[in-house]
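Spelled out, the chains give:
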Amino acid sequence: MPPATAIARRLLLFGLSAVATCATLPAWSAAAARGEDLLPAETPVHEAIDRYIEQRLSTSDVTPAPPADDANLLRRTMLDLVGRPPTAGEVKAYVASTDSDKRTQLVERLMASPAFVRHQTEELNALLMDGVRGDVREYLSTALRDGYGWNRIFRDLLLSGNDQDVERSAGQFLRSRADDLDKLANDASVIFFGVNVSCARCHDHPLVPEWTQEHFYGMKSFFSRTYENGDFVGERDYGFVSYKTVSGQSRDARLMFLTGAVADEPPVPEPSEEEQKQEKKQLEELKKNKQPPPPPAFSRRAQLVEVALRPGENRYFSRAIVNQMFARFLGRGLIEPLDQMHPENLPSHPELLDWLARDFVDHGYDLQRLMRGILLSRAYARSSRWDEEGSQPSRSLFAVGIVRPLTPRQYAMTLRLASTSPDQFPADISPEDLDRRMEGIENSARGLSDLFERPDRGFQVSVSEALVLSNDDRTERELLRDSGDSLLGKLKTIEDPSELIETAVWNVFGRPPSPDEVQVLTEYLAARQDRPAEARRDLIWALLASSECRFNY
Amino acid sequence: MPTPPTTPQRTTPPHRDSGLSRRDALRAGLAGAAAFASNMTVLNVLRSPALAEELKRGRKRVILLWLAGGASQLETWDPKPGRATGGPYRAIPTAVPGIHISELLPKLAQRIGHTSIIRSLNTRNGDHGGASVLMHLGRRDEPSLKYPDLGAMLARELARADSAVPDYVSFYTATEGRGNAVGRSGFLGAQYAPMFLTTDSKPNNLALPEGVSDLDHAQRGELRKLLSERFAQGRTSSTLASHNEAYARVRGLMASERLFDISDEPQSIRDMYGPTLFGEQTLIARRLIEAGTPFVKVSRAWWDSHGQNFETHLELATELDHVMSGLLDDLEQRGLLENTLVITLSEFGRTPAINPSLGRDHFASAWSATLSGCGVHGGSVYGKSDDDGQRVVDGEIGAAELFATIFQAVGIDHQKQYYVGSRPIPMTDPGTQPVNEVLA
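One line per chain: the protein sequences are E and P, in this order.
Per the numbering used here, the first sequence runs over residues 1 to 553.
Per the numbering used here, the second sequence runs over residues 1 to 440.
If we strip away everything but chain E, and leave its shape as in the complex, we get (with noise of 0.2 Å):
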């Protein structure tokens, strides 16, 4: 990036910083297709993402946050890459460790482990299958642990569907959506290529001159053949999109890419009425004998493959997910809204995203290199904290860490964690013992999990949740039991309070009380010294229920 002028700076000092972009920027990835300006490809990932960050940071004169402490970090860390927090022996370890690289360490360590797999396997399953029946987890799971590109997973999502090996359950990312062929389409172009063209479906774009009609029906023709049969998703040879434009003309659609790449088709006759009785007679058997229909001669939806990871057309799909990955773990993405990637909506740090999506591309679709190099950043760890005068910077300066709330899995997995007895993780445990135990309350913490919302972009805590919480008793039963595992039935075995509110919220926190903390809590304890069993009831749901324990901070 050439050094900002003195008039880009000013106007950047005034916050007109998307004007300030368009002036530095000459156009959309032109940048990134040519591989000029950017930082070597040989730089490690972190340190391209903190060189840009931290460039535009400067260059705003901002300050940014200093980095969250170990506690806070590694609670960030475990909740991000294995989907729970740390137990309080984790976190003393932790933070007693001296050792300079155990940042490092931790992440490789955690991304080795059975718990990654199984946690980025719900992650990514929620992504893909929202709002549809069905999972497509078995197939994720293999994916994740045998290091699949996304390219490849891409492929096998798109593609595979009939095989009877465990691709098979990829193929339900198809069967879920095949009765509904224009959400199948919405829905793949949102979740690979970051676009949402349903805009597009009555008129040209709106806000996106390059994106007409034909962009739309186009990538709806990808997925028009495609159809469902018993357990099977099927694929016929014949068979056009046709719409209307604003004119009110009517068209076929060709298929057009959001690039406007056209892949060219062989010609096809419409079948006869005979042909397609012949045709529907066959599958009807196909069904009843549970076997697959046949393939085609030519898929529509392998070009979509084809052109999509094509050299020079596969900005989309490389985008796509580094900006997901980058808002999954930061809180935003380098582009706002998540299905908005079109080229009149400018990134905050245009050249990291082509950066990161060169590297990505070029290191095979790597997602788990992704990861590592986002969660290595000094910009992922820094505090959520802003204790400076004035108010917060711009989120889009990654100056401060975002606040982020838990997914049902993450936040179901914390109160469990939370509320079982801290002798249940003695500090000697073997790391494969403690592994088994964290798989069975993942295991028994589902039913809790099902009660709470997916968040989406601008997510609200409901008031049916903060009723669950308070009243529901499921809460009672499952978190504010009595019995020899719990914490409650810990505290029960306790008398000093300070031992006491010690123990509390360092099970449920992974931090010591802070003094101000221990006033209060001793004070709530003192006052229900007549009703000593309740006292340690309320006391454990108040710090479950808090803010603290719903969010990644």
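It is worth saying that the hints were derived from the structure and are not from the lab.
Please read all numbers here as calculations on a predicted model, not as lab measurements.
Even glycine gets a Cβ: it sits at the ideal position worked out from N, Cα and C.
You may find that some hints are simply not true.
Simulated coverage check for chain E against chain P, where a stretch passes if three residues somewhere in it have a Cβ under 8 Å from a Cβ of chain P [as the list claims (entries may be wrong)]: (1) 332-343; (2) 463-473; (3) 538-549.
Guided by the hints, dock chain P onto chain E, whose structure is given.
Same frame as chain E, now just chain P:
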């Protein structure tokens, strides 16, 4: 009053943590909690004259009587006596000369002065699922965009910011058709999602959990709040703020549980609504809107009379006549009717043709809905179907126009825009016009 179109980012002023003042604040908070906790359950919105006054001054409310399965327009609002499609029932004159409705609605005929009948809906969708969605969203559903339904939009536009009662309550306690029951806040967020009652007339999780005293419940809530406020220092996030706002509503909602208990009502009032479940839930709806809930939907199922249409309607239309008349009278006596809009609506109407099972089938080409009370030109009929009720011959409208009319009746600009990212979404599809003839 409509709220501004965008939700402003809530900001907490940066706070310098000085140990002493913080401690004092925390302690004061706890002491305060104990002091007022005992008063919280006596919060009685019902008997608050101030609230009733405010409602009279202009805060608008809506009750939707949802006739699930598709009520027949011919046996209700648009009878065709003497025609081959007319069926056995007569049309009767109403309090307004020239307006006739089915003899199954004699009480409503006397009260037609509150009501505007729309006889010209052509909504082109005769499938229960799709049509229900259409008549709840006021537009075609779109796979990529989560549209909010009527209740969510009204809750958003009409609710008080500091409301202690639920903003959107929806009853659907019948089993028939519940799979198609629509209740979604879509892109407006969970804040406007319905409190959905599907098993009985009491909502879940409003009662104290077993073994927790009221005082302990209130005070642990206060402790939760103090801990959360401490956490929120220096952290700015509207999602974080929403967490504490959601909890802040818990005690108020618990106090509103008694709104769902009609044993508080004198027998004379209960008799106005009758002893049926539909009647009782409609009375609860009145209690809720009186206490400040902006939108309540009461569903009565199942009007889907493919066979025995006339027996079905004898039962259901007669019940509707009694319940809705009771509701209109009760609202009027309380001075609430001028600010409360009462809607009757289905997913579609029923075919003029009578099938061999003496039933009527799904029919979306020429059917009826009504608006009564707030903002409505009462004692009027809008639109006209042909002599056999086969098609609309005058004033044809669809779901969008009906929604625009509903919004206008309660003082909401139907063209108001919401924003989903950068995409503007008007409350009704662009170009939609309300039906001015229906409006006062």
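For each hint, the structure was consulted:
1. Look at the segment 332-343 of chain E against chain P: 4 of its residues bring a Cβ nearer than 8 Å to a Cβ of that chain, three or more, so the hint holds.
2. Counting residues of the segment 463-473 of chain E whose beta carbon lies closer than 8 Å to any beta carbon of chain P gives 10, which reaches the threshold of three, so the coverage claim holds.
3. Closer than 8 Å: that is the beta-carbon criterion, and the segment 538-549 of chain E has 9 residues meeting it against chain P, so the requirement of 3 holds.
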